[in-house]
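Asks: In terms of the working numbering, the sequence shown opens at residue 1 and continues consecutively.
Read the hints as simulated data drawn from the structure, not as lab findings. No residue lacks a Cβ here, since even glycine has one placed at the ideal position from N, Cα and C. Please note that a few of the clues may not be correct.
Said to hold, decoys possible - Simulated DEER-style distance windows between Cβ atoms:
(1) His-60 to Gly-13: 19 to 25 Å
(2) Leu-16 to His-51: 32 to 38 Å
(3) Ala-4 to Pro-41: 51 to 57 Å
(4) Ser-26 to Pro-6: 34 to 40 Å
(5) Ser-47 to Ser-73: 37 to 43 Å
(6) Ser-47 to Ile-72: 35 to 41 Å
(7) Cys-3 to Lys-57: 28 to 34 Å
(8) Ala-45 to Pro-5: 47 to 53 Å
(9) Ala-43 to Cys-3: 53 to 59 Å
(10) Ala-43 to Gly-13: 40 to 46 Å
(11) Arg-48 to Pro-8: 40 to 46 Å
(12) His-51 to Arg-18: 37 to 43 Å
(13) Leu-32 to Ala-4: 40 to 46 Å
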Amino acid sequence: MPCAPPSPMDSYGELLNRLRDIDIASQIGSILGWDQEVIMPEAAAESRAEHLAWISKTVHEKITNPRVGELISEIS
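Starting from the given sequences, assemble the full structure and let the hints guide the process.
Replies: Structure below.
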């Protein structure tokens, strides 16, 4: 039996969840960046750079995920 297409509200809810995750990851990156500038010891710079790079990569992957575009189309 074929599945019914998702309702616009279902798609909207999924999009909001994805955007919330993106926002949380971005906020974590901001806090780490602030800490790096204000409190973090210099010796931790290499490790922090890895953390910030991972967060940036993750946010980029989440924002550019094709599913985000599909969800926007489904609710339009």
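Asks: What are the numbers of the hints the structure violates, in ascending order?
Replies: 2, 4, 12
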